[in-house]
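Novice: Fit chain to chain and form the complex, with the hints in mind.
Listed below are the residues making up each chain.
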Amino acid sequence: MAEATQPDSDHEEDSGRRDFLNYLAIGVGAVGAASFAWPVINSMNPSKDVLALASIEVDLSKIDVGSAIKVVWRGKPVFIRHRTEKEIEEAKDVDISTLIDPETDAARVKEAQWLIVVGVCTHLGCIPLGTADGEPRGDFDGWFCPCHGSHYDSSGRIRKGPAPKNLVVPTYTFLTDSTVKIG
Amino acid sequence: MSNHPAPNFKNPVIRWVDSRLPVFSYVHAEYGVFPMPKNLNYFWNFGALAMVVLMVMILTGIMLAMQYTPNVDLAFNSVERIMRDVNSGWLLRYIHMNGASMFFIVVYIHIFRGMYYGSYKNPRELLWILGVVILVLMMATAFMGYVLPWGQMSFWGATVITNLFSAFPLIGESIVQWLWGGFSVDNPTLNRFFALHYLLPFIIIAVVALHVVALHIVKSNNPDGIDVRGSQDTVPFHPYFTAKDSLGLAVFLLIFAFFVFFAPNYMGHPDNYIVADPLVTPPHIVPEWYFLPYYAILRSFVDGWWIYEIFFGWWAAAKLAGVLAMFGSLIIVAVLPWLDTSKVRSCRYRPIYKWAVILFLIDFIILGWVGGKPAEEPYVTIAQGATMYYFFHFLILTPLIGWIERPKPLPASISEPVLKAGSGAQFAGASAAKMEKS
Ligand code: HEM
Ligand code: FES
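Going down the list, the sequences are from chains A and B.
Residues 1 to 183 in the working numbering are what the first sequence lists, from first letter to last.
Residues 1 to 438 in the working numbering are what the second sequence lists, from first letter to last.
Next up, chain B with everything else stripped away, as it sits in the complex (with noise of 0.2 Å):
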């Protein structure tokens, strides 16, 4: 995809192999010579951050697998065997256990650089909508895994969840049964989500792999969301990106040991170190905090909710619209691209849709606080409030301040704003000699 030529390698095992199957010459244009807008921030760290807990996440998987019993009589035990007994099993399961909250702080950071800066806007709509689906088949994941160690919150968790689908009319209550294998969350229930939750990860990479590609077809947005207009606007991913995510790199890394190493229950709740009761519910069910903004949703739609009661009062019944709800929340994420009619991309030029997305963040912040507190007020109407404005953001805000909102001026290119902050000839002198070395 780039226009330089198939470097000439020296070494003739390796031309030997690349002339059959060119991995050395992909590689070479895709991860060494592939031109990235050279004005790209650390936000752009973390597609690579997310692609790294997703190897890690593998690799501790398989390990815990190895030592792991998906029988509702042995499945706590097992789990308590590896922190106890199995040769650093501990390390492997809280950073498996971490790795997961990591995996989701590093997505949704990803998520948001891109609602910012605009990379779901022609011609990157299907990489977004990938990125959604990858979304999707995480929280499927995270959800199956958390059901794995057959605690408290993992049987009440699943309960919960599951039973989300019986919302449906007439063929709900099958469904339910057909996710269950059984009449409530069991054995059957244990052991296919232990083999989904093999599965997934796998299906992630394959869909990782279409936004990779689809990536490099349409190549990485930048802060300023314009165009690249030529070599003078990029340089080559190797150094400059393989030195720039690496550094990232090391310090998530760090922060990731942090939580590993000194708190690594921080972000699990205390219940599922409790073995599973199915005839106790906990008195609080909290699904995992990466879950909590959906969760918050889920529960605003009650019976004289008046948004409720306009919108689907007459038709379906509260629990129905908070199904509803909760997946529409995810897939109008998916046609953000086209609810936003302003044809800027980055909010640096955006004076009044930036903002918007600020606030949007702040909400999807109190939906998550929210949806860890009780069902009680004042958080009942607080949730009423988010869940309202992050609908109200997508279905509202979004088309309007495309239409109203009157953009900053461009710059030509992605070098003028550059070009202008430093001392003009002698900068331009300055990176066209860089140009030519490289």
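Okay, chain A solo, but in the shape it has when bound (with noise of 0.2 Å):
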């Protein structure tokens, strides 16, 4: 096995330029693994059909003061409430500091009697409960998610519970006064 002795030390320059080529190597080996690696990672990002969304159109006439309907949009329900005067007040009258997520009524709503939003929980997702008549709609005249007790207001402001953030407000805007066209 003598022969199977490494030149060390006294090689100085030979395994400097070893060293190097090692790294050189691993750097290019390194690099064309990373640029593999994304294409195999990306590949389960949303596609493209996917991706591809259409938007829907909602006709609002048929809504009466005071109930709501769900539709669906990018496979998720969007809750349109067609709200009461009391529900307007109420959503207005809170003092902005007290809420988990701060935000005016005003500020998620184009048109005061039309609350329109995504209805997914913000905690873990479930749809809350309150657009149905006979649902319970929590203790702030909202929503009311079964999972983990989460209570949203008239406004779909998280008010108690487990979830972080008010329900999401998508894009839309109104066609007629009683069309809107949601994404």
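Note that these hints are calculated values from the structure, not bench results.
Every value quoted in this text rests on a predicted model; they were computed, and no experiment measured them.
Don't be surprised by glycine CBs; every beta carbon is placed ideally from N, CA and C.
Some hints here could point you the wrong way.
[What the hints assert, rightly or not] Cross-link-like lysine to aspartate or glutamate pairs, in silico, DMTMM-like; alpha carbons within 20 Å at most:
| id | chain 1 | residue 1 | chain 2 | residue 2 |
| --- | --- | --- | --- | --- |
| 1 | A | Lys76 | B | Asp277 |
| 2 | A | Lys48 | B | Glu173 |
| 3 | A | Lys165 | B | Asp303 |
| 4 | A | Lys160 | B | Glu377 |
| 5 | A | Lys76 | B | Glu173 |
| 6 | A | Lys160 | B | Asp271 |
| 7 | A | Lys165 | B | Glu173 |
| 8 | A | Lys160 | B | Glu309 |
| 9 | A | Lys70 | B | Glu309 |
| 10 | A | Lys48 | B | Asp186 |
| 11 | A | Lys76 | B | Asp186 |
| 12 | A | Lys165 | B | Glu309 |
[As the list claims (entries may be wrong)] Pairwise CB distance ranges, derived in the manner of DEER restraints:
| id | chain 1 | residue 1 | chain 2 | residue 2 | range |
| --- | --- | --- | --- | --- | --- |
| 13 | A | Ser35 | B | Trp306 | 44 to 52 Å |
| 14 | A | Ala25 | B | Pro270 | 58 to 66 Å |
| 15 | B | Asn87 | A | Ser61 | 30 to 38 Å |
| 16 | B | Ala140 | A | Asp177 | 47 to 55 Å |
[What the hints assert, rightly or not] If the Cβ cut is set under 10 Å, some of the chain B residues that face chain A in the computed set are:
| id | residue |
| --- | --- |
| 17 | Trp156 |
| 18 | Val160 |
| 19 | Leu164 |
| 20 | Ser166 |
| 21 | Val280 |
| 22 | Pro282 |
| 23 | Pro283 |
| 24 | His284 |
| 25 | Val380 |
| 26 | Thr381 |
Specialist: Take a look at the structure:
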């Protein structure tokens, strides 16, 4: 095994060069691996057909004051509520600084009587109850998420429970007084 | 690893194979003559039981995969077809369904055995950590498997659990969309979960192999928690533990079969026989029973809970705190070898810690019970108390007891307590004679 002995410290130059080649090889390998890893990981991101989302148009004329409907947008429910005067007042009267996720009611609606929010609890994604008649609306006249007990108010803001954020307001525009385009 | 010489196989074919690939020598050394402490009790059956359940899960799983369709429009019906039309389909599915529960029962007992008898301590730390890795992999596998039938609990369980990742600031949303492959749990999600549910058990096999290799290096602990001194303290694996494991297995299979044949849906949730509806959340979402303790920890963190306010309130939202605590509750088990400051392994000789471990078990059971209750009083308060105790046990009680406790005197050897109990000399003579024979 004598010939297998490594030439060492007396060949400074050689080992420096060998180290360099080692680092170079490892470096090139790492860059190669990383550039292969990205497409692999990225293949799991939403695909083009999923991203090509249609927007939807909703007819509001059939929603009575005080009731609400659920429509599907991007595979998720959107709540549209025709708010009563009382609900609008409640939403406006809150002292913003006491809120978990402070936002004024005015910043969350375009027309005071129409509240439009994505119906997905910001805690862990359940659909809060309170849209259909007879469902519990929680302590603040809005929605109640049965999964872990989040209460949302009549502006869709989180008031009590584990959810960190208000219900999301999607982008929408009123096409006429009674039709809205979501997305 | 044993000091017995390799056996001289009589069968020439075996000899031929063995001299080229020593699989027979290996089995002989690791499962034939492998030295086992002679005082092991039935708690030492559960590793072998876990291994059998893993094999049963893989076998039934592959058969089910031949009949199952991973598509949101077809999945639920393909499972119903397995139940009604496929020959013995109902049997395969009920075995696989209940097998998951059995797997967790067995592994939880296996882990608790390790905690009680101090199997996690030097030199078995890495063995223990590999065990926790197996537990985490099992959880991932079971979670994704439960999504496949595409019932209401499948869908909403998947929604709630994948949404956990949205708790992380900045990148949370992107992670969740990456997991989903869309904007909600949908077809891409179901497809990838099926692929991963098929893959992970084979990764579990690989980690179990490492777990067993590590075990055969450091060898088994025992109920006295003291080291083996020599061959007088051990018996060969075969026939002693092949027999003992077989008896344990027979009893276990009876219990397993009872559930499969007489109460196949007892541990499941009826809502999972309703096809998934992305627009209707069931009034009360519960994960499978074996996740309930962790689910209770997750839900305990709400605004206003003083523990949350002190430790997290100033830097993390309640949701993030719950997620961190839930993952933390598993990581903390992995570092138990360094939290326990006592040198004595077995609780038999630890008068205080023994009660702490038993209280911890009770706490874990309470967490499991309360995790299945709705998020209202008094359950929230109970869950918070039990969550607090879970961490208190590991982070405060365990190190503290190690420092202040006075352990009972340890026996000089594994044989000593046995000899003392029996009538001294005669017993020793008998067991010495037995050793000579083997
Ligand atoms: C698929 C799951 C598992 C399988 C198949 C498995 C298998 C085994 C087997 C066959 C043994 C030897 C027999 C015995 O001592 O019971 C063993 C020992 C052990 N296992 Fe596991 N195991 C699993 C999960 C775990 C987990 C989750 C942990 C801990 C977190 C763990 C910790 C240990 C320890 C510490 C030992 C050595 C015990 C001793 O000798 O006292 N195992 N395992
Ligand atoms: S998902 Fe709504 S409270 Fe947890």
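Novice: Confirm or reject each hint.
Specialist: Outcome of the hint check:
1. Taking the CA atoms of A/Lys76 and B/Asp277, the gap is about 11 Å. The hint holds against a cut of 20 Å.
2. Of the supplied pair hints, the one linking A/Lys48 and B/Glu173 holds, its CA atoms being roughly 18 Å apart against a limit of 20 Å.
3. With a CA separation close to 12 Å, the supplied pair A/Lys165 and B/Asp303 stays within the 20 Å bound.
4. Proximity of A/Lys160 to B/Glu377 is assessed by CA-CA distance (about 14 Å); at most 20 Å being required, the pair is judged to hold.
5. Restraint check for A/Lys76 and B/Glu173: satisfied, since their Cα atoms lie roughly 15 Å apart, inside the 20 Å limit.
6. This hinted pair does not check out: A/Lys160 and B/Asp271 have alpha carbons roughly 27 Å apart, beyond 20 Å.
7. Between A/Lys165 and B/Glu173 the alpha-carbon distance is near 13 Å, which keeps this suggested pair within the 20 Å criterion.
8. For a cut-off of 20 Å, the pair hint linking A/Lys160 to B/Glu309 stands: about 15 Å separates their Cα positions.
9. Taking the CA atoms of A/Lys70 and B/Glu309, the gap is about 36 Å. The hint is violated against a cut of 20 Å.
10. Note on A/Lys48 and B/Asp186: the hinted pairing holds, with a Cα-Cα distance of about 15 Å set against a maximum of 20 Å.
11. Straight-line distance between C-alpha atoms of A/Lys76 and B/Asp186 comes to about 10 Å, which keeps the hinted pair within the 20 Å bound.
12. Restraint check for A/Lys165 and B/Glu309: satisfied, since their Cα atoms lie roughly 18 Å apart, inside the 20 Å limit.
13. Checking the proposed 44 to 52 Å range against A/Ser35 and B/Trp306 shows it holds: the Cβ atoms sit about 50 Å from each other.
14. Between A/Ala25 and B/Pro270 the beta carbon distance is about 59 Å. The supplied range of 58 to 66 Å therefore holds.
15. Taken as a hint, the range 30 to 38 Å is violated for the pair B/Asn87 and A/Ser61, whose Cβ atoms sit roughly 56 Å apart.
16. For B/Ala140 paired with A/Asp177, a C-beta distance near 51 Å keeps the hint of 47 to 55 Å intact.
17. For B/Trp156, the interface hint holds, since its Cβ comes within 10 Å of a Cβ in chain A; the closest pair sits about 7 Å apart.
18. At a threshold of 10 Å, the smallest CB-CB gap from B/Val160 to chain A is about 4 Å, leaving the interface hint in force.
19. The restraint placing B/Leu164 at the interface with chain A holds, with a minimum CB-CB distance near 7 Å, inside the 10 Å limit.
20. The beta carbon of B/Ser166 comes within 8 Å of a beta carbon in chain A, closer than 10 Å, and the hint placing it at the interface holds.
21. Below 10 Å, beta-carbon pairs count as interface contacts, and B/Val280 has one with chain A at about 7 Å; its hint therefore holds.
22. Nearest Cβ of chain A to the Cβ of B/Pro282: about 8 Å, under the 10 Å cut. The hint holds.
23. Hint on B/Pro283 holds. Least Cβ distance to chain A is approximately 5 Å, under the 10 Å limit.
24. With a least beta-carbon distance of about 6 Å to chain A, the hint placing B/His284 at the interface is held under the 10 Å criterion.
25. Checking B/Val380 against chain A by beta carbon gives a least distance of about 8 Å; that is within 10 Å, so the hint holds.
26. Contact between B/Thr381 and chain A, as hinted, is not supported at the beta carbon level, the nearest pair being about 13 Å apart and thus beyond 10 Å.
Going through the hint list in order, the structure does not satisfy hints 6, 9, 15 and 26.
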